[in-house]
Amino acid sequence: MDDSTKRLLQRLIKRIPAQMLRTTLDKWGRLTGDQQKSMDFTQSKWALTEKMLAVCEENELTIKHLTELEMISIIDNPNKGMWYAFQLMDPQDDANSVELTQFKEQFKSHLRELVIHVSVKIKKDTDDAVWIRIAWGDTFSRPNHLKPTYVVHYLQSPYVFVTSLTSKQKPLLSQALVLSTRYQAIKDANLSGRKLTAIRDLLMRKYQQVFPTKYPSPLPENNQTISNPHIEEEQAEPAANRLQMACEAFGGGTLPQLQSAVYKLETKFRDNSNKTMTEREEPFRCVVKFASTNLLESLRHCASAGIASTPVTPLLSCIPQKGRNYFVITDNGPGPSSQMRQPQN
Amino acid sequence: MSLLKPFSKLPALNSANILLVESKEQFQQSLADALVQETAFTVNVRLAKSLPLPMENEESRPRIDLVAFIIDLTSELSFQSAEASLKCLDPGYFLGKVCFMVTNARNAAVPVERLDAIRRLAASLHCPLLFAEDQTPDGVGNATERLLTILKVSAGLVPMATALYLSNLTRSTVPPDIDQPSFD
Chain A
1 MDDSTKRLLQ RLIKRIPAQM LRTTLDKWGR LTGDQQKSMD FTQSKWALTE
51 KMLAVCEENE LTIKHLTELE MISIIDNPNK GMWYAFQLMD PQDDANSVEL
101 TQFKEQFKSH LRELVIHVSV KIKKDTDDAV WIRIAWGDTF SRPNHLKPTY
151 VVHYLQSPYV FVTSLTSKQK PLLSQALVLS TRYQAIKDAN LSGRKLTAIR
201 DLLMRKYQQV FPTKYPSPLP ENNQTISNPH IEEEQAEPAA NRLQMACEAF
251 GGGTLPQLQS AVYKLETKFR DNSNKTMTER EEPFRCVVKF ASTNLLESLR
301 HCASAGIAST PVTPLLSCIP QKGRNYFVIT DNGPGPSSQM RQPQN
Chain B
346 MSLLKPFSKL PALNSANILL VESKEQFQQS LADALVQETA FTVNVRLAKS
396 LPLPMENEES RPRIDLVAFI IDLTSELSFQ SAEASLKCLD PGYFLGKVCF
446 MVTNARNAAV PVERLDAIRR LAASLHCPLL FAEDQTPDGV GNATERLLTI
496 LKVSAGLVPM ATALYLSNLT RSTVPPDIDQ PSFD
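For the protein sequence lines, the chains are A and B, in the order given.
The first sequence begins at 1 in our numbering and counts up by one.
The second sequence begins at 346 in our numbering and counts up by one.
There may be inaccurate statements among the hints.
[Said to hold, decoys possible] Here are the computed lysine-lysine pairs in the DSS-like style, where the Cα-Cα straight-line distance is at most 30 Å: (1) A:Lys214 x B:Lys350; (2) A:Lys289 x B:Lys369; (3) A:Lys80 x A:Lys27; (4) B:Lys432 x A:Lys214.
Keep in mind the hints are simulated off the structure, nothing from the lab.
Work out the full structure, taking the sequences as your base and the hints as a guide.
Structure follows, in structure tokens:
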């Protein structure tokens, strides 16, 4: 087994959490029954790596087989690393009828036209997500399996989620995606986060939506149990209104776990008590970052507790409405006027 | 601006009404559940986040015998909200029908100035300042007992004692060395 294969295997065993190791190896299915029985999963990761190296030598497994294992482990545990969302623009007439085999063939052939040495693996997951693993090489070297790019695309939706992509690889991937999905362009959706499930749920609105309604609570029934007749809340109605408005802005139930929101301000400085700063012509550049373990939940709580004024300001409510967490705010017009983010790296 | 007035309504027989004002709306729930357990007389608890109270409840609201402001020492917002709510009380309440209850005083991250400010506020208004522990059922029970003691007198259920008389004994005072720097 050559060096890079060994390194890949070591990295894989380190990366897969101990409790999921058995199930992941079962799904991979490249170990014989005896080998599986002889694996002792209570050992340390280092010992397990040695055992796996021996097993792979025995079964003569190559790096291609290991990439299968890597893909299975990432599909099962996608909430690591930074994921970036992209949106496909301007569908052509047959964009909605692209189905899996056509997409696979087209994508592989387009990418191979652009990059001679590239290793592409495509797999469809149970929830209609197409997972693509790309190991990039160039004209002179073989594909580097230690730095793969993962792409997730939901067919018939314009959304693509990517992790570990360098700026050199970006135009190649964009071209291949646009051609194989029958759209005309791809743009940055300005949404990024550590948890793929969270940014996917946010963009595709897979959480409970609350709609404005004149009568928010159902009609009271006759045998309604009152909590305690001696305890009465004076301000129950304003509290219920605040909660309703907070839920309308952010959603009800469990919200996708977004970790941060960044606002890049390029507005003029406005403070009546500070004349020198207000008189300057250039915009005052400032970056505001909100960070939390569950940002949308904390914003919703701020609004329902009255800390953030209701109705919720469009600066905050546009995070779930537009499905982005990077905003550039300039002075033109009311509310956030979003601009395309230029790639920094 | 509608002030809450202490004597504009008639009292009810053998009952006492207390208003708990808390910006965070957490401790007041557990306090309310413990307060209504009292069996010697009927305790009615009204909960609010801040004053002024909504006009819609004006008719159904009974006469409030005691207004207790619950301030969380770790939150500046809590203190400011309580201070702002004081303006909506009729001055008649400050003759023994208002008390302050402070939680989280043992927290080391609390700036000393905030506790001093609350002390000065309570002393200037001649109101008692109670400290409570809200995380354990014992703490809630102790706070309930102390509130009930003051409530009974404010509601007139203790013979030969009035709220004004009690407030002379319980009102908070500012220690003379409050402006000295503390040992930190």
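*Taking 30 Å as the top limit, are the C-alpha atoms of Lys432 of chain B and Lys214 of chain A close enough?*
Violated: Lys432 of chain B and Lys214 of chain A sit about 34 Å apart, past 30 Å.
*Is Lys80 of chain A within 30 Å of Lys27 of chain A, Cα to Cα?*
Holds. Lys80 of chain A to Lys27 of chain A sits at ~20 Å (cutoff 30 Å).
_What's the verdict on Lys289 of chain A and Lys369 of chain B, does the C-alpha distance respect the 30 Å limit or exceed it?_
Within the cut-off at roughly 25 Å; holds.
*With a cut-off of 30 Å on the C-alpha distance, tell me whether Lys214 of chain A and Lys350 of chain B pass.*
violated, 34 Å
Comparing the model with each earlier hint shows violations of hints 1, 4; every other hint is respected.
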